[in-house]
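Asker: Here's the letter readout for the chains.
4 protein chains.
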Amino acid sequence: MKVGFLGLGNMGMPIARNLLRAGYSLTVYNRTPGRAGELAADGATVAGSAEEAARGAEVVVTMLADDQALSSVVFDQGVLDAMGPGAIHLGMSTIGVGFSRRLAEAHAHAGQGYVAGPVFGRPDAAAAARLWVVAAGAAPHIEACRPLMEATGRAISVVGADPWVANVVKLTGNLLIACTIEALGEAFALQRKWGVTPRAFLEVVNGALFNSPLYANYGGLIADEKYEPAGFRLRLGLKDTRLALEAADEVSVPLPLASLLRDHFLAAVANGRGDMDWAALALLAAENAGLDKGPM
Amino acid sequence: MKVGFLGLGNMGMPIARNLLRAGYSLTVYNRTPGRAGELAADGATVAGSAEEAARGAEVVVTMLADDQALSSVVFDQGVLDAMGPGAIHLGMSTIGVGFSRRLAEAHAHAGQGYVAGPVFGRPDAAAAARLWVVAAGAAPHIEACRPLMEATGRAISVVGADPWVANVVKLTGNLLIACTIEALGEAFALQRKWGVTPRAFLEVVNGALFNSPLYANYGGLIADEKYEPAGFRLRLGLKDTRLALEAADEVSVPLPLASLLRDHFLAAVANGRGDMDWAALALLAAENAGLDKGPM
Amino acid sequence: MKVGFLGLGNMGMPIARNLLRAGYSLTVYNRTPGRAGELAADGATVAGSAEEAARGAEVVVTMLADDQALSSVVFDQGVLDAMGPGAIHLGMSTIGVGFSRRLAEAHAHAGQGYVAGPVFGRPDAAAAARLWVVAAGAAPHIEACRPLMEATGRAISVVGADPWVANVVKLTGNLLIACTIEALGEAFALQRKWGVTPRAFLEVVNGALFNSPLYANYGGLIADEKYEPAGFRLRLGLKDTRLALEAADEVSVPLPLASLLRDHFLAAVANGRGDMDWAALALLAAENAGLDKGPM
Amino acid sequence: MKVGFLGLGNMGMPIARNLLRAGYSLTVYNRTPGRAGELAADGATVAGSAEEAARGAEVVVTMLADDQALSSVVFDQGVLDAMGPGAIHLGMSTIGVGFSRRLAEAHAHAGQGYVAGPVFGRPDAAAAARLWVVAAGAAPHIEACRPLMEATGRAISVVGADPWVANVVKLTGNLLIACTIEALGEAFALQRKWGVTPRAFLEVVNGALFNSPLYANYGGLIADEKYEPAGFRLRLGLKDTRLALEAADEVSVPLPLASLLRDHFLAAVANGRGDMDWAALALLAAENAGLDKGPM
Chain P
0 MKVGFLGLGN MGMPIARNLL RAGYSLTVYN RTPGRAGELA ADGATVAGSA EEAARGAEVV
60 VTMLADDQAL SSVVFDQGVL DAMGPGAIHL GMSTIGVGFS RRLAEAHAHA GQGYVAGPVF
120 GRPDAAAAAR LWVVAAGAAP HIEACRPLME ATGRAISVVG ADPWVANVVK LTGNLLIACT
180 IEALGEAFAL QRKWGVTPRA FLEVVNGALF NSPLYANYGG LIADEKYEPA GFRLRLGLKD
240 TRLALEAADE VSVPLPLASL LRDHFLAAVA NGRGDMDWAA LALLAAENAG LDKGPM
Chain V
0 MKVGFLGLGN MGMPIARNLL RAGYSLTVYN RTPGRAGELA ADGATVAGSA EEAARGAEVV
60 VTMLADDQAL SSVVFDQGVL DAMGPGAIHL GMSTIGVGFS RRLAEAHAHA GQGYVAGPVF
120 GRPDAAAAAR LWVVAAGAAP HIEACRPLME ATGRAISVVG ADPWVANVVK LTGNLLIACT
180 IEALGEAFAL QRKWGVTPRA FLEVVNGALF NSPLYANYGG LIADEKYEPA GFRLRLGLKD
240 TRLALEAADE VSVPLPLASL LRDHFLAAVA NGRGDMDWAA LALLAAENAG LDKGPM
Chain U
0 MKVGFLGLGN MGMPIARNLL RAGYSLTVYN RTPGRAGELA ADGATVAGSA EEAARGAEVV
60 VTMLADDQAL SSVVFDQGVL DAMGPGAIHL GMSTIGVGFS RRLAEAHAHA GQGYVAGPVF
120 GRPDAAAAAR LWVVAAGAAP HIEACRPLME ATGRAISVVG ADPWVANVVK LTGNLLIACT
180 IEALGEAFAL QRKWGVTPRA FLEVVNGALF NSPLYANYGG LIADEKYEPA GFRLRLGLKD
240 TRLALEAADE VSVPLPLASL LRDHFLAAVA NGRGDMDWAA LALLAAENAG LDKGPM
Chain H
0 MKVGFLGLGN MGMPIARNLL RAGYSLTVYN RTPGRAGELA ADGATVAGSA EEAARGAEVV
60 VTMLADDQAL SSVVFDQGVL DAMGPGAIHL GMSTIGVGFS RRLAEAHAHA GQGYVAGPVF
120 GRPDAAAAAR LWVVAAGAAP HIEACRPLME ATGRAISVVG ADPWVANVVK LTGNLLIACT
180 IEALGEAFAL QRKWGVTPRA FLEVVNGALF NSPLYANYGG LIADEKYEPA GFRLRLGLKD
240 TRLALEAADE VSVPLPLASL LRDHFLAAVA NGRGDMDWAA LALLAAENAG LDKGPM
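Chains as they are written, first to last, in numbering that gives the first Met the number 0: chain P, 0 to 295; chain V, 0 to 295; chain U, 0 to 295; chain H, 0 to 295.
Think of the hints as simulated: they come from the structure by calculation, not from any bench. There's no promise every hint is true.
Derived EDC-like pairs: lysine to aspartate or glutamate, alpha-carbon spacing no greater than 20 Å straight-line [to be verified]: (1) Lys238(P) x Glu249(U); (2) Lys192(V) x Asp274(P); (3) Lys192(P) x Glu249(V); (4) Lys238(H) x Glu245(V); (5) Lys238(U) x Asp248(P); (6) Lys192(U) x Glu149(H); (7) Lys225(P) x Asp161(P); (8) Lys238(U) x Glu245(P); (9) Lys238(P) x Glu245(U); (10) Lys192(U) x Glu57(H); (11) Lys238(V) x Glu249(H); (12) Lys225(V) x Glu249(V); (13) Lys225(U) x Glu202(U); (14) Lys192(U) x Asp161(H); (15) Lys238(H) x Asp248(V); (16) Lys192(P) x Asp161(V); (17) Lys238(P) x Asp274(P); (18) Lys238(H) x Glu202(V); (19) Lys1(U) x Asp80(U); (20) Lys238(V) x Asp161(H); (21) Lys238(V) x Asp223(V); (22) Lys192(V) x Asp161(P); (23) Lys238(U) x Glu249(P); (24) Lys238(V) x Asp248(H); (25) Lys225(U) x Asp80(U); (26) Lys192(V) x Asp248(P); (27) Lys192(V) x Asp291(P); (28) Lys192(P) x Glu245(V); (29) Lys192(U) x Asp248(H); (30) Lys238(P) x Asp41(U).
Footprint (simulated), chain V over chain H, 3 or more residues, beta carbon under 8 Å [said to hold, decoys possible]: (31) 153–164; (32) 205–215.
Positions of the beta carbon are idealized from the N, C-alpha and C atoms, including for glycine.
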């Protein structure tokens, strides 16, 4: 199967590598040319433009930073026009629900398919082909893309026939992580004021209640106040929370936790923490409790 | 070791049974006499009053509903006076931090010991001796109680020398569960409005992110809108949230999530849901999204 | 002075009438033709299109429902192109800050002026030429429009040289009203549960503290639960709160009250109250307190 | 009429003076003796204890700092016992609803009357006999106290027959002021980030919308960031918000705004602002927006 691949960032690069390993013929493009060159050694054809990478491909996979980047590639740099009738766009980026629907409409109008397939997992999971793919779209398009998705992840959950609902799921999942960060941040501030160390508290609640590696991971980062380097930048957490609120607004769903998180993300960005890990949300809880920023 | 045991409710009964099994000589008392009688067959001595159960005991274990019940037993029904110098009160109830400190002071004044040892786990975990005990108190008192605590649970976490910090940890742990319930409730409302089933969503986020039996359990209850019979009654969730806020107020810690939860608990109680499982917190999120109460 | 006037709704019609009364030569256009006809008797020239109304005008006044309506008129229906160099657009609609900036840029690019002049006041105040105009823009453009603004209102506050800051002020002002509504709604729910009538409470707090006709007005509507007909529709309150949050997001300002209001507006819309007066925000506070909807 | 008067703080002193001016025979007591001495020149009898001031009085007026101070005087220092059958306690302090009910019960049990008569107004209003008294109690007791209340204030609002509802009204009134402070603080932070001065914004919204001296007053304090000396200390604002939340909790009324305010008050106290004017609540909004504390 001939595959075009656009976006070779921290996530796109390992995904592309896994597709090459699985035997796909990949034509890749990245705005920063060096990144694409790295893949040539693995057998990828390097295209000089997004349009060129898309031309003639049966499936075009995109993994870009945000709505703006994807919109630029698809609409302004000619990918939509370059894709032939019957070709499928497999969009793996974390984008907004409204924009995902706009993509669905544009591809349908052009006689093309569109599968939204955002992923849960960080770059190390991508490298290990351990991503969890959330997919939505028309059944034949999903099936056509399934082998590709299988090559990148450990599981594929198909959540609906409208592509954009996969984006709803992805954004809400990220929201749940942010809720966990906020909850742990507040809980730790309370422990510290009472003289209980965050680590001791975390050991109890994760051992007794959650038994969750995610709680262990974020709890550990916050207990140690280790917010740099960022695993996932705080300003991206703000972006995703904003997109979740937009998705909720469209169908009239109040999300008090997301509203609270958005305000806390904004306060963090306003105070220069946008490039820290989003676990730094917990700094606000500590400061509002009168705790200094240093570890206990 | 001679042990007095007060409070044979859903939690106290299986704990007392495990102590008997472990070979302790137990004198038990319960306000409702029938409950104590059940234990006589297992070898317990049934006392006619709380005071009688406490008299001569090396350790008095209490497992009562709330501050008021425990205060009544200790201060009004003569337990404090009946306990001899050197005796230790092992308090396993979920009580307020201020009241726990008051107990510590009263026992210290009487030359007695006091260990706060609230537990995580439901009645079935108590029956299986699988509770997680959070203990705090003076080291010698902790050590004296350790075999008893070991007989009831799978783990004992000592979190400090001031007994009341164990109550801080217990209340905050419950708060984290309530946060999870609220977060799932809001997330599910959003999925339902977009046509994604809560079960499908839960499978994704727990599989991809949390991997937590607690998320599976509460997520399942909310997805199925199965709020009765209550595993843990909503009005007790309100009580514990209130106590967590009081503990936070005393040391000037804002807890925006707890504040939000308290308001949602109050709305639930005001609308007749106090005796449902506290997972019914999610009903408010559904209603505010314009969803009817029935399953999707 | 030759003036084009676009938008003859509840607010635009009385403003246009006041301009005619003040002696301006008005060419008017409204999507619904009948409305324009009403003004012909007052001396207005009725144009067949927005473009026609704008052609040759020294000032084009717009008073339309929202960003979309204004965008359609200015960009799609040819007003921008029809306006000559040096002509000024006086935009009185309540629109978003980002869109207002886009208008400023478009007019500057065309060698035209743009003054944002949103107003505080309802249709009856407009009819009585008692509006309060919040104006921003370049000083010469403000001065050129001042006589027109004076003909429509009792006061003109110039709040900055960047036109869009007038929209910030207008949106934030509306937010303050919404805060008042929410605060009164919660306060009344509490009084009702304690047996104090909202009217009695309102008399005290407005008499003793606020002395504000706005508190008297909204307090009266909520006390009497008189939410229809709408003076200002709830869904417009949601729209303006959303725009205020967008303006705040752009400059990284958390607005916890606005976030809370947005959620309550969404719950109201999700439950079929979008066309009630925005004072109906108070119904949610009453319901969450377990009060039925009827007056006490 | 023979009147005992307890509590000669910033509010009690001018009230006592007005009662003396109105011709009442006053026996006064204050914990700090010097304060009482000041009143002797005005004709007051200075008692050596609270009990002595209460003995033989037809009405005992109390104006103390909080529940604890009033409880100490009434229950521990013998005022309840010293008051004869038929005597009336006119309690003007801002106290909790639960404690007010406890007072009502104690006085009823002793065959005495109790009128809750908290006031709106600051010391300067007290000096000018311009307080607004919120009264509740049995009609005959109210009537007996009416002349005293008239001597201290410009208006008396009787809000119910249960004394404690007057405290509900007083606490909720203070809550509305706190809401106004918070709303202005957030609004000003937004203006400052967009380059609009708080004073300019305030002039517009108060002129166009609120027309309220309270908005002018607090808006001015926040615009000028003039938080010291305190007109009303922030930690008292926290105390009253806490009492309002307790009153709401008792009747199951969620108060999201009060919850939010309590968290903001706690953050302010945790950061050393407890003795500033409660308008300093606005500092948090400014800081969360990344603004430094200095005026713009």
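Asker: It remains to establish, for every hint, whether it holds in the given structure.
Answerer: To see whether the hints hold, each was checked on the structure:
1. For the given pair, Lys238(P) sits about 12 Å from Glu249(U) by alpha-carbon distance, which is consistent with the 20 Å threshold.
2. With a CA separation close to 33 Å, the supplied pair Lys192(V) and Asp274(P) exceeds the 20 Å bound.
3. Distance check on the hinted pair: Lys192(P) and Glu249(V) sit about 10 Å apart at the alpha-carbon level, within 20 Å; holds.
4. Distance restraint check for Lys238(H) and Glu245(V): the Cα-Cα separation of roughly 13 Å lies within the 20 Å cut-off, and the hinted pair is therefore satisfied.
5. Taken as a hint, the Lys238(U) and Asp248(P) pair is honoured in the structure, with Cα atoms around 11 Å apart against an allowance of 20 Å.
6. Between Lys192(U) and Glu149(H) the CA atoms are separated by roughly 29 Å; this puts the pair beyond 20 Å, and the hint is violated.
7. Proximity of Lys225(P) to Asp161(P) is assessed by CA-CA distance (about 39 Å); at most 20 Å being required, the pair is judged violated.
8. Between the alpha carbons of Lys238(U) and Glu245(P) the distance comes to roughly 13 Å, so the proposed pair stays at or under 20 Å and holds.
9. Our distance criterion of 20 Å between C-alpha atoms is met by Lys238(P) and Glu245(U), whose separation comes to about 13 Å.
10. For the proposed pair Lys192(U) and Glu57(H), the alpha carbon gap of about 33 Å is over 20 Å, so the pair is violated.
11. The hinted pair formed by Lys238(V) and Glu249(H) meets the criterion: a straight-line CA distance of about 12 Å does not exceed 20 Å.
12. Restraint check for Lys225(V) and Glu249(V): the C-alpha separation of about 36 Å exceeds 20 Å, so the hint is violated.
13. For the proposed pair Lys225(U) and Glu202(U), the alpha carbon gap of about 18 Å is at most 20 Å, so the pair holds.
14. Restraint check for Lys192(U) and Asp161(H): the C-alpha separation of about 13 Å stays at or below 20 Å, so the hint holds.
15. A C-alpha spacing of about 11 Å is found between Lys238(H) and Asp248(V), which places the hinted pair at or below 20 Å, so the restraint holds.
16. Distance check on the hinted pair: Lys192(P) and Asp161(V) sit about 13 Å apart at the alpha-carbon level, within 20 Å; holds.
17. Restraint check for Lys238(P) and Asp274(P): satisfied, since their Cα atoms lie roughly 13 Å apart, inside the 20 Å limit.
18. With a CA separation close to 45 Å, the supplied pair Lys238(H) and Glu202(V) exceeds the 20 Å bound.
19. Between Lys1(U) and Asp80(U) the CA atoms are separated by roughly 17 Å; this keeps the pair inside 20 Å, and the hint holds.
20. With a C-alpha separation of about 27 Å, the suggested pairing of Lys238(V) with Asp161(H) is violated against the 20 Å cut-off.
21. Between Lys238(V) and Asp223(V) the alpha-carbon distance is near 25 Å, which puts this suggested pair outside the 20 Å criterion.
22. Our distance criterion of 20 Å between C-alpha atoms is met by Lys192(V) and Asp161(P), whose separation comes to about 13 Å.
23. Proximity of Lys238(U) to Glu249(P) is assessed by CA-CA distance (about 12 Å); at most 20 Å being required, the pair is judged to hold.
24. Straight-line distance between C-alpha atoms of Lys238(V) and Asp248(H) comes to about 11 Å, which keeps the hinted pair within the 20 Å bound.
25. Note on Lys225(U) and Asp80(U): the hinted pairing is violated, with a Cα-Cα distance of about 46 Å set against a maximum of 20 Å.
26. In summary, the hint linking Lys192(V) to Asp248(P) is supported, as the alpha carbons are separated by about 11 Å, within the 20 Å threshold.
27. With a C-alpha separation of about 42 Å, the suggested pair Lys192(V) and Asp291(P) falls outside the 20 Å cut-off, and the hint is violated.
28. Restraint check: the Cα-Cα separation between Lys192(P) and Glu245(V) comes to about 13 Å, which is no more than 20 Å; the hinted pair holds.
29. At most 20 Å may separate the alpha-carbon atoms for a hinted pair to count; Lys192(U) and Asp248(H) meet this at roughly 11 Å.
30. The suggested pairing of Lys238(P) with Asp41(U) is violated, with an alpha-carbon distance near 52 Å, which exceeds 20 Å.
31. With a threshold of 8 Å between beta carbons, the proposed coverage of the region 153–164 of chain H by chain V is violated, since 0 of its residues qualify and at least three are required.
32. Under the rule that three or more residues need a Cβ within less than 8 Å of chain V, the assignment of the region 205–215 of chain H is violated, with 0 such residues.
When each numbered hint is compared with the structure, violations occur for hints 2, 6, 7, 10, 12, 18, 20, 21, 25, 27, 30, 31, 32.
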